[in-house]
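Q: For reference, the chains in residue letters:
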Amino acid sequence: MDKVIVADNLSLSYSKNETIINKVNFSVNSGTFVFITGASGSGKSTLLKSLYGALKPDSGSLIVAGVELNGVTKSKLNLLRRHTGIVFQDYKLVKEWNIEKNIMLPLIIGGYDSAVTKNQVDSLLKHVRLKHQSGKYPQELSGGEQQRVAMARALSHNPVLILADEPTGNLDDYSAGLIWNLLEGANEQLKSTVIVVTHHIPETMNVAYKHFHIEYGSINEVV
Amino acid sequence: MKSFKNHLSLIVALLSILFSIQTFIIVDRAIDAYKEKLVGNYSLVIVSQKRVDKKDFLQNNSLVINIDELSPDIVIKRLNSGISSKNIKLLKLSLPKFYKLKLEHYPSPLEINNLTHKLLRDKSIIKVETFSKSHDTTYKLLLLFKTVITVFALSVGLVTILLISKELKIWQFKHNERMSIMGLFGAPTWLRSAVLFRLAVVDALIATVMGFVLFTYISYSEWINEEFSSIGIDVLIYDKVTDFGVMLLVSLSLSTLLASFIVLGHKEEV
Numbered sequence: 001m002d003k004v005i006v007a008d009n010l011s012l013s014y015s016k017n018e019t020i021i022n023k024v025n026f027s028v029n030s031g032t033f034v035f036i037t038g039a040s041g042s043g044k045s046t047l048l049k050s051l052y053g054a055l056k057p058d059s060g061s062l063i064v065a066g067v068e069l070n071g072v073t074k075s076k077l078n079l080l081r082r083h084t085g086i087v088f089q090d091y092k093l094v095k096e097w098n099i100e101k102n103i104m105l106p107l108i109i110g111g112y113d114s115a116v117t118k119n120q121v122d123s124l125l126k127h128v129r130l131k132h133q134s135g136k137y138p139q140e141l142s143g144g145e146q147q148r149v150a151m152a153r154a155l156s157h158n159p160v161l162i163l164a165d166e167p168t169g170n171l172d173d174y175s176a177g178l179i180w181n182l183l184e185g186a187n188e189q190l191k192s193t194v195i196v197v198t199h200h201i202p203e204t205m206n207v208a209y210k211h212f213h214i215e216y217g218s219i220n221e222v223v
Numbered sequence: 224m225k226s227f228k229n230h231l232s233l234i235v236a237l238l239s240i241l242f243s244i245q246t247f248i249i250v251d252r253a254i255d256a257y258k259e260k261l262v263g264n265y266s267l268v269i270v271s272q273k274r275v276d277k278k279d280f281l282q283n284n285s286l287v288i289n290i291d292e293l294s295p296d297i298v299i300k301r302l303n304s305g306i307s308s309k310n311i312k313l314l315k316l317s318l319p320k321f322y323k324l325k326l327e328h329y330p331s332p333l334e335i336n337n338l339t340h341k342l343l344r345d346k347s348i349i350k351v352e353t354f355s356k357s358h359d360t361t362y363k364l365l366l367l368f369k370t371v372i373t374v375f376a377l378s379v380g381l382v383t384i385l386l387i388s389k390e391l392k393i394w395q396f397k398h399n400e401r402m403s404i405m406g407l408f409g410a411p412t413w414l415r416s417a418v419l420f421r422l423a424v425v426d427a428l429i430a431t432v433m434g435f436v437l438f439t440y441i442s443y444s445e446w447i448n449e450e451f452s453s454i455g456i457d458v459l460i461y462d463k464v465t466d467f468g469v470m471l472l473v474s475l476s477l478s479t480l481l482a483s484f485i486v487l488g489h490k491e492e493v
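As you go down the protein sequences, you meet chains A and B in turn. Note that the numbering used here gives residue 3 to position 3 of the first sequence, counting from 1, and the numbers run on in steps of one. Note that the numbering used here gives residue 257 to position 34 of the second sequence, counting from 1, and the numbers run on in steps of one.
Calculated from the structure, these hints are not laboratory results. Note that the coordinates shown come from a computational prediction; the quantities given were computed from them, not determined experimentally. You may find that some hints are simply not true.
[As the list claims (entries may be wrong)] What follows is a set of in silico ranges between Cβ atoms, one per label pair, in the way DEER data are often shown:
(1) A:Asn25 - B:Val424: 48 to 56 Å
(2) B:Leu472 - A:Glu188: 55 to 63 Å
(3) A:Glu18 - B:Leu487: 52 to 60 Å
(4) A:Asp172 - B:Ser378: 54 to 62 Å
(5) A:Asp113 - B:Leu428: 27 to 35 Å
(6) B:Lys463 - A:Lys131: 47 to 55 Å
(7) A:Asp113 - B:Asp255: 55 to 63 Å
(8) B:Leu428 - A:Val6: 50 to 58 Å
(9) B:Pro411 - A:Ser27: 54 to 62 Å
(10) A:Ser218 - B:Val235: 31 to 39 Å
(11) B:Val235 - A:Glu188: 50 to 58 Å
(12) B:Val424 - A:Glu18: 39 to 47 Å
[Said to hold, decoys possible] Computed cross-link-like contacts, DSS-like style, restricted to lysine-lysine with a CA-CA straight-line distance of at most 27 Å:
(13) B:Lys397 - A:Lys92
(14) B:Lys312 - A:Lys74
(15) A:Lys95 - B:Lys397
(16) A:Lys56 - B:Lys490
(17) A:Lys101 - A:Lys126
(18) A:Lys191 - A:Lys3
Where a beta carbon is used, it is the ideal one built from N, C-alpha and C, also for glycine.
Model the full structure from these sequences, guided by the hints.
A: Structure (structure tokens):
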């Protein structure tokens, strides 16, 4: 099975004095569903940021979808991001765009045909139960609804890799259930690799998953 | 409404710059037209002991476009009583020659001074009358007027640039977030900044069209035309091709420069 992520002696930090991830080694096979857990401040989100190139490795090697992120060029990074779906903890929706256009964003960037884009967005809006609110702006939605929009955006371009940072944090059970269903669906049907950073793994998961735990700067698989 | 306000602030800033530039252009044209008018009525007079060769004289003095000999008859008529016609003929021969010089353009005091010195180097020329007192006053008035308008245009430009810099900060704050989000999904720089440049171009076009309408109205205004007619000059207030082109170029350059600063100042979100 192909490896989508390979980390070799990877170290990450925001400043020279404080290493957050220290010389870790791990790999993730294509099509795997992965949970990364750890205490607050353990470096879960930092590791996730490094996977989409928002944080450069201090040392070691990090290969994501065949792209070495240590010293990656801007154009290669953009190409990688075009095949990645990211769900941010703070949603990162464009305030001046309605939710339909927000979901379209990866499709616009990918240069998809407008008919394909329209169909895909309509289908996703139905999946996240927001079809009736398609013309609304992010600030007119609740936190749970905004997170569902962010999830729909991350899935809109059928990415090979989905990265989700606390996708259900502060969500009600209904919204959280929808999010897990979508992530499981993407993993099962699209064979996307899903990496979820979370405090709690849901009790009922319908797909097989791997579990990594981060503690004191190192990462270990929980079997 | 909020978006309209954001547009309006840049449009007003651009329009005020266009207004000051066009005002400067109109004043410059008016001064040139007035100088043209003045040069038609202005001439120098030289007194020479010898007859001046017109061709040589014009070749040696590029500022002079025509030289006409003045007839001494008027002066002689005053002395006419009691002088025989034979003596008048002799007097005519012994009188110096008077010439009126027409100049190519309305000269500056320095040009007049240089020309006077050059002419007086010729031993046969004994007097150059430049009517410098009235000439200097008029010329200095024109210069003062032009300086005042230049200072006015520069002040408006400076204030507007300050307004645009403030606008730049607002735009930077507003567009940075969207550009960062687009970047996180792999949008290349041109796509991230496309919205910004589109806004800049649209605002520049609106400002230019508003400037076009404003100055077209002014150019047909009876009051303005009467003011120019009263000083006897005919000025082109707004050239619908050249001036529109200048306005479009200025507003497009400024607004795209503003957008470029935002793109260059954009920091990637970590």
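Q: Going through the earlier hints one by one, which of them does the structure break, listed in rising order?
A: Failing hints, ascending: 3, 9, 10, 14.
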